[in-house]
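Asks: For the record, the sequence lines run as chains A and B.
Residue numbers 0 to 315, in numbering that gives the first Met the number 0, belong to the letters of the first sequence in order.
Residue numbers 0 to 308, in numbering that gives the first Met the number 0, belong to the letters of the second sequence in order.
Hints are computed from structural coordinates only; laboratory data are not their basis.
Misleading hints may appear alongside valid ones.
Quick look at which bits of chain A chain B covers, simulated, 3 or more residues with Cβ under 8 Å [to be verified]:
#1 55 to 66
#2 120 to 126
Far from chain B by the CB rule (all over 10 Å, computed), these chain A residues [said to hold, decoys possible]:
#3 G4
#4 L106
#5 A108
#6 I111
#7 L137
#8 L163
#9 R185
#10 W198
#11 L263
#12 A284
#13 V313
Idealized CB from N, CA, C, for every residue including glycine.
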Amino acid sequence: MRREGSALAGAGVVMMKELGDNLTSTRMRLLELLIFITGAGAVYETLGQLRQTVGEDPFVFLRIFTTAKDPLPSFVAFLGFLIPIVAIALGFDSVNSEFNRRTMSRLLAQPIYRDALLFGKFLAGLATLAVTLTALWLFVIGLGILLLGLPPSGAEVLRGFAFLIAAIAYGGVWLALALLFSVVFRSAATAALAALAVWLLFAFFWTMLVSLLTPIIAPPDPYDALSVLHTAGIAQDLSRLSPNTLFAEATLALLNPTTRAFGLVLASQLEGAITAPLPFVQSVALIWPQVTGLIAACIGLFTIAYVAFQRQEVRA
Amino acid sequence: MNEAVIRAEALTKRYGPALAVDRLDLSIERGEVFGLLGPNGSGKTTTILMLLGLTEPSSGRAMVEGFDPLRKPLEVKRRVGYMPDSVGFYENLSGAANLSYSAALAGLRDANARIAAALARVHLEAAAEKPVRAYSRGMKQRLAIAEILMKRASVAILDEPTGGLDPQSTREFLELIRSLQSDGMTILLSSHLLDLVQSVCDRVALFHRGRIGLTGRVEDLTRDVLGGSHVIHVEARGGGLATAIGRIEGVASVTPTANGFRVEAAQDVRAAIARAVVEAGGELMSIEAGHASLDDVYVRYFEGVRDAA
Numbered sequence: 000m001r002r003e004g005s006a007l008a009g010a011g012v013v014m015m016k017e018l019g020d021n022l023t024s025t026r027m028r029l030l031e032l033l034i035f036i037t038g039a040g041a042v043y044e045t046l047g048q049l050r051q052t053v054g055e056d057p058f059v060f061l062r063i064f065t066t067a068k069d070p071l072p073s074f075v076a077f078l079g080f081l082i083p084i085v086a087i088a089l090g091f092d093s094v095n096s097e098f099n100r101r102t103m104s105r106l107l108a109q110p111i112y113r114d115a116l117l118f119g120k121f122l123a124g125l126a127t128l129a130v131t132l133t134a135l136w137l138f139v140i141g142l143g144i145l146l147l148g149l150p151p152s153g154a155e156v157l158r159g160f161a162f163l164i165a166a167i168a169y170g171g172v173w174l175a176l177a178l179l180f181s182v183v184f185r186s187a188a189t190a191a192l193a194a195l196a197v198w199l200l201f202a203f204f205w206t207m208l209v210s211l212l213t214p215i216i217a218p219p220d221p222y223d224a225l226s227v228l229h230t231a232g233i234a235q236d237l238s239r240l241s242p243n244t245l246f247a248e249a250t251l252a253l254l255n256p257t258t259r260a261f262g263l264v265l266a267s268q269l270e271g272a273i274t275a276p277l278p279f280v281q282s283v284a285l286i287w288p289q290v291t292g293l294i295a296a297c298i299g300l301f302t303i304a305y306v307a308f309q310r311q312e313v314r315a
Numbered sequence: 000m001n002e003a004v005i006r007a008e009a010l011t012k013r014y015g016p017a018l019a020v021d022r023l024d025l026s027i028e029r030g031e032v033f034g035l036l037g038p039n040g041s042g043k044t045t046t047i048l049m050l051l052g053l054t055e056p057s058s059g060r061a062m063v064e065g066f067d068p069l070r071k072p073l074e075v076k077r078r079v080g081y082m083p084d085s086v087g088f089y090e091n092l093s094g095a096a097n098l099s100y101s102a103a104l105a106g107l108r109d110a111n112a113r114i115a116a117a118l119a120r121v122h123l124e125a126a127a128e129k130p131v132r133a134y135s136r137g138m139k140q141r142l143a144i145a146e147i148l149m150k151r152a153s154v155a156i157l158d159e160p161t162g163g164l165d166p167q168s169t170r171e172f173l174e175l176i177r178s179l180q181s182d183g184m185t186i187l188l189s190s191h192l193l194d195l196v197q198s199v200c201d202r203v204a205l206f207h208r209g210r211i212g213l214t215g216r217v218e219d220l221t222r223d224v225l226g227g228s229h230v231i232h233v234e235a236r237g238g239g240l241a242t243a244i245g246r247i248e249g250v251a252s253v254t255p256t257a258n259g260f261r262v263e264a265a266q267d268v269r270a271a272i273a274r275a276v277v278e279a280g281g282e283l284m285s286i287e288a289g290h291a292s293l294d295d296v297y298v299r300y301f302e303g304v305r306d307a308a
């Protein structure tokens, strides 16, 4: 049946309202504070170490992001943890809270479609995430310029920017997941816990699960080199089902320009290779599947949430 | 001129095997206050959601202001104001801010002037800038009416508008509904408090298990269903009064109450009752004709339906 009128009328209004709510909520302020403190801590420690090697490394700026100094993990490792938390915090109660506040039916009685509500909420979450991450990114680069005393090169800026895009896509996946749970679960607490459970699964247990599952799916035959290769391939495929793996690989290739492949590389493949950093475009080509995968996961999850929301009864 | 603003034809809604609304026919004219009355779970809210296009009917069709809510929900929602059952607002925002969000969603121009006028109309101008968190139940309900006024809706659909209100607020709220009607607004309201809303409704439909049992003006329904009977409340003391009253011609039943009797009769037999009580040596304290209420109609009618089934 054809519906008349734009499905997106009002999406902008919803987005601006939600954006305002997100940016002024206590929840987000606390999380932003947490991110900036941990980020600044990690980066400051790293910079102390990097200052000794400034002259030797052509990509010293990218090292700010990736260098870990005991006991602190690197800045990107921090982000790998914190981005999902922020995204979940932004999304877990976005739809069910409208029901719980009993504003949903009044809202939908305005001349808008449900589509506008969901799009507006998702875009507002994504915009909040983008604003926070961009601010953090600029903050880190600024700190780097101040403490290292030299500006980043063009290639470094490009790579850093691509990393920012990958980080936003990674956040988008978790935001879409949280939004989905906020549609499916009427209780905000259940939605939050479910989203955190998925996050725990991928952040901590996925590698264990992969090493558990791989020998079952493809048992390696110790006398057959090809079967060992096959098993390793399966393990890599499985681990890439996790958005954390995809983000980690994207980060690695973008911020370590010498990365030229993931997974097993045979000695014959390396024959004649020059150990030099890849040009930016080649690094992007390398992680294109990873970033596409993240964006696809984000769209896929949003679509499921969208269908579930369209089928939901309005009455509480 | 009689123009149907809301029309439903064989509107049906199924939730799995359960029938929430069963082949409902309805026609509401411009300027009318129409009451959907019935107990909780009898299909009133589902009917309202179908009229607004917020729920898809399983079969049948509806027309609101000449638009099909299924195909042109935006046109319908532009013209219809809706106040849901136990309406909610964003508690952290002020009343005015809540309305300006709705106004933005509806794409209204000159929203601020409209909001100010609407809030003044429902006597909320003093609380306009306070967060809704600080509003009482009655104030929230009036804010919902202000939202409808702000939209300049030609039809207002109010679901349980007096739910949870104290008697004073209820009276004020019913006054507000009457004043909306005098502005020419068509009003559809649902309630399970039959007595309360019978005073404001021009016509009512009595719901029972997803079907409309009776439709019509309150007086007509009372006359048709209760057979034009009179209910008389007698307050009297003394022995053997029940038998004495029961002997009066035209009396159908005598039921003892706390301090007297409730008498049902075919005509007004107050004088005869007074005589009978005095002759039987009883003390007559008061005697008055009671109004037949919709509650009586509802109970009587659906008892009949159940007996027939």
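Asks: Closest CB-CB distance from W198 of chain A to chain B, is it above 10 Å?
Replies: Since the minimum Cβ distance to chain B is about 28 Å, W198 of chain A lies beyond 10 Å and the statement holds.
Asks: Minimum Cβ separation between L137 of chain A and chain B greater than 10 Å?
Replies: Fine: 30 Å to the nearest Cβ keeps L137 of chain A off the interface.
Asks: Does the claim that I111 of chain A lies off the interface hold, with its Cβ farther than 10 Å from every Cβ of chain B?
Replies: Given that some Cβ of chain B is not farther than 10 Å from that of I111 of chain A, nearest at about 5 Å, it is violated.
Asks: Regarding the assertion that A284 of chain A does not contact chain B, is the least Cβ-Cβ distance greater than 10 Å?
Replies: At about 44 Å from chain B, A284 of chain A clears the 10 Å cut-off, so the statement holds.
Asks: Decide, holds or violated, for the assertion that all CB atoms of chain B are farther than 10 Å from the CB of V313 of chain A.
Replies: violated (4 Å)
Asks: Would the non-interface assignment of L106 of chain A survive a Cβ cutoff of 10 Å against chain B?
Replies: violated (7 Å)
Asks: According to the definition I'm using, a residue is off the interface if its beta carbon is farther than 10 Å from all beta carbons of the partner; does G4 of chain A meet that for chain B?
Replies: Non-interface label fails for G4 of chain A: nearest chain B Cβ at 4 Å, not farther than 10 Å.
Asks: Count the residues of the segment 55 to 66 of chain A whose Cβ falls closer than 8 Å to any Cβ of chain B, and tell me whether that reaches three.
Replies: violated (count 0)
Asks: Verify that the Cβ of L263 of chain A lies farther than 10 Å from every Cβ atom of chain B, and report whether the claim holds or is violated.
Replies: Nearest chain B Cβ is 53 Å from L263 of chain A, so the label holds.
Asks: For the segment 120 to 126 of chain A, count the residues whose Cβ lies under 8 Å from any Cβ of chain B; is that count three or more?
Replies: violated (count 0)
Asks: Does L163 of chain A clear chain B by more than 10 Å, comparing its Cβ with all Cβ atoms of that chain?
Replies: holds (31 Å)
Asks: Going by Cβ atoms, does A108 of chain A stay more than 10 Å from chain B at every point?
Replies: violated (4 Å)
Consistency note: the structure conflicts with the earlier hints numbered 1, 2, 3, 4, 5, 6 and 13.
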